[in-house]
Structure formats: C-alpha cells, structure tokens
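I would like the entire structure built from these sequences, with the hints used as guidance.
There are 2 protein chains.
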Amino acid sequence: MAEASHDFELFYWPTIQGRGEFVRLVFEEAGLPYLDVGRRPKREGGGPAAIMKLLEETAGMPPFAPPVLRVGPLRLAQTAAICRYVAGKGGLLPRNEDDRWRADALMLTVLDMVVEAHDTHHPIAGSLYYEDQKAEALQRAPTFIALRLPKFLGYFERVLGANAAGKGQVLVGGSLSYVDLALFQLVAGLTYAFPRALAALAPQVPRVLALHAAVAGRPRIAAYLASPRRIPFNEQGIFRHYPELDLPQ
Amino acid sequence: MAEASHDFELFYWPTIQGRGEFVRLVFEEAGLPYLDVGRRPKREGGGPAAIMKLLEETAGMPPFAPPVLRVGPLRLAQTAAICRYVAGKGGLLPRNEDDRWRADALMLTVLDMVVEAHDTHHPIAGSLYYEDQKAEALQRAPTFIALRLPKFLGYFERVLGANAAGKGQVLVGGSLSYVDLALFQLVAGLTYAFPRALAALAPQVPRVLALHAAVAGRPRIAAYLASPRRIPFNEQGIFRHYPELDLPQ
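Sequences listed follow chains L and G, in order.
Going by the working numbering, the first sequence opens with residue 25, and the numbers climb by one from there.
Going by the working numbering, the second sequence opens with residue 25, and the numbers climb by one from there.
Hints should not be assumed to be uniformly reliable.
Same chains, same label: a pair holds when it works inside one copy or across any pair of copies.
[What the hints assert, rightly or not] List time: in silico DSSO-like cross-link candidates among lysine-lysine, alpha-carbon distance up to 30 Å:
(1) Lys-175 to Lys-158
(2) Lys-113 to Lys-191
(3) Lys-175 to Lys-66
(4) Lys-191 to Lys-175
(5) Lys-113 to Lys-66
(6) Lys-175 to Lys-113
(7) Lys-77 to Lys-175
(8) Lys-191 to Lys-66
(9) Lys-191 to Lys-77
(10) Lys-191 to Lys-158
(11) Lys-66 to Lys-77
(12) Lys-113 to Lys-77
What the hints contain is simulated information worked out from the structure, not anything from laboratory work.
Laid out in structure tokens, this is it:
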C-alpha cells in the first residue's frame with residue numbers, strides 16, 4: 025500500500041528486506057496504508073538519515089533499533105511487538121484470547137529462527153564482515169542445516185497438522201493471521217539462502233511449503249511481491265545466499 | 025511461592041536458572057502461587073521427564089521449547105509471552121496501553137541480549153560443548169564486551185533516564201513492571217558471567233545498577249533470592265562464568 029496516510033510510519037533500512045519485511049507483509053495483507061519512511065527520498069525526509077534521527081530523539085522512550093513503528097506518540101520497536109500491533113489494527117489477530125497468546129509464541133519462534141539464520145553468516149560479530157568470519161560460518165552453517173532447520177520447520181509442520189480448526193492450512197485458529205505471514209517470510213528467506221537444504225527437507229514439511237505457496241498467492245500479497253515495494257533478497261540482509269554455506273551439491 | 029495451587033504450572037529444566045528464571049521472578053514478585061513442575065520429585069510427576077512429556081503431547085498446539093506455562097488448556101511457550109501473560113494476572117503490567125507496548129519491546133530487547141550473552145560461549149552450535157568451540161568463543165566474547173554490552177546496557181540507562189514518570193527508577197510508567205524484573209535478571213546474569221566487564225562499565229550505567237539493587241531489595245524478591253527456590257548460577261545455564269571470556273585482569 026502506498027503513502028496515502030501517515031497514521032502508520034515504518035522506519036527501516038531502505039535497501040534490505042530484513043526484519044522490516046515482517047511488518048510490511050502485515051500492512052500489505054491488511055490493506056492498511058503506511059509510510060515506509062526509510063524508502064522515501066532524502067529530500068522528502070526519508071533515507072537512512074531519517075532512521076538515525078528517530079533513534080536519537082530524546083523525548084520519551086527511545087527505541088533500541090529498527091524496525092520502529094511510529095503511531096502518534098508511540099515509537100514501537102521489536103518486530104514481534106510491531107507485527108502484533110499492526111495485526112490488531114488490521115484484523116489479522118486470531119479471534120480468541122488463548123489463540124492470540126499461541127500466535128505470539130509462534131511469532132517469537134519464527135524470529136528466533138531468523139536470528140539463527142542470520143548467525144550462520146555472522147557467528148562471531150555483527151560488526152565484522154562475512155569474509156572476516158567465513159571460517160567460523162563454515163562451521164556453524166552445517167549444524168544449522170542438519171539440526172536447527174529440521175527442528176524449527178518440523179515444529180511448524182506439527183503445529184499446522186495439529187490445528188484442526190485451520191484444516192492444516194493456517195497456524196492458529198480457523199483463518200489466516202499475522203503469524204502465517206511471518207512463516208511465509210521465513211520460508212522465503214530460507215529458500216533464498218539455502219535452496220539445496222530446503223529442497224532436501226521439502227518432503228518432510230509439505231504443510232509448511234503449502235502455506236508458503238498459499239500466502240504468496242493471496243491477492244494483496246501477490247500484488248505486493250510483484251511490485252517495486254518488495255525489495256529483492258540480497259547479500260546485505262538477514263537471508264544471504266552464500267552457496268558455500270548451503271548443503272553441498 | 026510454593027505449591028498451594030495448580031492454576032499455573034511452569035515447565036522448565038530443574039538445574040539451571042535459564043529463561044525460566046524470568047518467569048519465576050514475575051510469579052514471585054506478584055505473589056502468585058505456581059507449581060515449578062520440573063523441580064518436583066520424579067515420583068510426583070516432576071523432573072526433566074515431565075518436560076519431555078509435555079513437549080510430546082499431541083493434543084492442541086505443541087510448544088516449541090521450555091519454558092512453557094500451562095494454564096488450563098493453554099500451553100504457552102516463549103519467555104516474553106509467558107512473562108507478559110503472568111504479569112497481566114499479577115498486576116505487573118504498566119497501566120496504559122502505549123506503555124504496555126513499550127514494555128513488550130523492552131522485554132524483547134532484554135531477551136535479545138540474553139541470546140547474545142549465551143552465544144559468547146556457544147558461537148558455533150548449541151549442540152556442541154563449550155570446549156569444542158572455545159577458540160571461537162574467545163573471538164566472540166571480546167566484541168560482545170566491547171560493543172554489545174555498552175550498547176544494550178547504555179540503552180537501558182537511557183530508557184531509565186527518559187522515563188520521567190518513573191523518576192529514573194523503573195523502565196516504563198510510574199511503578200515497577202515485569203520488565204524491571206527482567207532487567208534485574210539480565211544484570212545479575214551478566215555480573216556473574218563477566219564481573220570484570222561489568223565493573224568497568226559500572227560508571228556509565230548507574231541507573232541500571234541502581235534498579236538491579238532496588239529489585240534485589242524488594243521484600244518478595246529478597247525472600248526468593250535467599251530461598252532454595254533460587255537456583256545458583258552455574259556453567260550449564262545461559263550466563264556462565266568462564267574467566268577467559270571476561271575482560272583481562
């Protein structure tokens with residue numbers, strides 16, 4: 025959605041999907057207009073400088089790091105919190121209260137895996153280049169692929185299978201919620217970063233892959249993915265395609 | 025608090041503080057009775073076997089990993105979600121809605137640092153021993169101490185300073201909330217793991233250290249810390265004291 029309204033302002037780095045993408049997907053599926061401040065031209069107050077300025081504002085509680093959502097006086101950081109907030113405004117929370125708690129736990133689990141996926145290429149320090157920790161990355165990635173990838177995706181497969189109300193097609197309750205969008209993005213990122221590992225794991229996680237395809241095919245998400253608003257994956261983001269870290273051919 | 029009621033059952037490993045400790049502190053400060061299932065004798069259905077059994081139950085949405093809170097039909101995983109849930113039952117949420125969102129973001133930021141603190145001794149894989157990744161830990165820890173420790177604790181210092189309603193003594197709003205307990209635990213763990221680094225940083229984070237001391241002195245928390253319910257820190261948990269990873273003497 026475009027910049028028709030300034031009720032919701034998202035602050036995130038303009039050149040990567042990163043954690044901001046989880047937020048964008050909630051806005052897009054909900055059809056809620058939002059201003060993606062970092063992607064606006066610098067002369068219109070956008071760009072990385074706008075994010076740095078926001079982080080340095082001294083009035084009220086400062087946010088720790090992007091993504092940050094600004095809504096009125098609230099500057100809200102942390103992807104899981106922002107996504108839940110936007111989902112609440114956009115009709116993408118599960119209906120009953122216990123299911124909302126379950127969704128929160130799942131969202132946090134998706135984001136735990138995002139950290140682990142990131143750390144495959146940055147096991148020593150985020151402040152160093154990949155090239156400076158490549159030897160350690162070559163140690164970390166195989167364990168991630170052998171143990172963590174099947175554990176996490178196998179878990180989501182079980183959750184889908186256990187959700188009778190969703191007929192195995194959504195994670196919580198009877199209809200799509202924001203955590204389904206998050207799982208879509210996780211699978212999209214992992215498929216980009218580790219295509220061979222995902223292909224090898226595919227037979228074990230059919231519901232997860234079906235959910236990924238179903239979300240990609242939803243009208244608003246499909247339109248978003250085809251638009252210039254969707255930044256392509258690249259080697260500056262969380263999910264990076266370094267073939268040497270994937271399963272051997 | 026003891027086992028007077030079974031309304032709240034906490035499932036967590038019995039021999040470490042770990043992530044379960046963030047939950048225990050909320051129960052203790054709130055004065056809500058809870059059953060710490062993992063610490064019950066095996067013959068009474070406790071011990072690690074009780075946790076494994078819970079994770080393997082097939083009815084309803086499975087939790088990913090401990091800690092797990094069981095309340096009626098809900099099995100809720102993820103430390104941030106559980107703490108927020110218990111805080112809501114025990115009067116430890118901030119009063120207004122925007123402040124509740126801010127608290128959630130802070131809680132997630134505390135837990136982000138918990139992951140980074142853990143990964144100082146496990147930079148390659150959680151499935152390997154420390155001794156098998158010590159060389160890499162010796163690379164990761166100095167960057168953590170030099171960059172991440174001051175960034176995170178300096179951030180909480182700023183948050184305390186910016187919270188006029190709390191007179192610099194609590195993170196959000198005008199009175200203690202569950203995130204203050206979480207920051208207490210983070211500081212306790214970091215002080216155990218990296219005593220020299222924390223001593224060196226102390227002059228820059230006086231409000232953070234004052235909050236740590238104030239929480240430790242609250243009657244219910246002081247009683248808890250002095251009780252056998254508080255498991256001592258050790259080298260199986262998240263915060264481990266390996267002197268070789270701390271600042272040099």
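Hint check:
1. Lys-175 to Lys-158: both (24 Å within a copy, 25 Å between copies)
2. Lys-113 to Lys-191: within (26 Å within a copy, 32 Å between copies)
3. Lys-175 to Lys-66: Answer is between: at 27 Å across copies they meet the 30 Å cutoff, but 43 Å inside does not.
4. Lys-191 to Lys-175: Answer is within: at 22 Å inside a copy they meet the 30 Å cutoff, but 45 Å across does not.
5. Lys-113 to Lys-66: Within. Shortest intra-copy distance 29 Å satisfies the 30 Å Cα cut-off; inter-copy 46 Å does not.
6. Lys-175 to Lys-113: neither (32 Å within a copy, 32 Å between copies)
7. Lys-77 to Lys-175: between (40 Å within a copy, 17 Å between copies)
8. Lys-191 to Lys-66: neither (47 Å within a copy, 37 Å between copies)
9. Lys-191 to Lys-77: Classified as between; 25 Å across copies, 46 Å inside a copy.
10. Lys-191 to Lys-158: neither (43 Å within a copy, 46 Å between copies)
11. Lys-66 to Lys-77: within (12 Å within a copy, 55 Å between copies)
12. Lys-113 to Lys-77: within (26 Å within a copy, 38 Å between copies)
Of the numbered hints listed earlier, those contradicted by the structure are 6, 8, 10.
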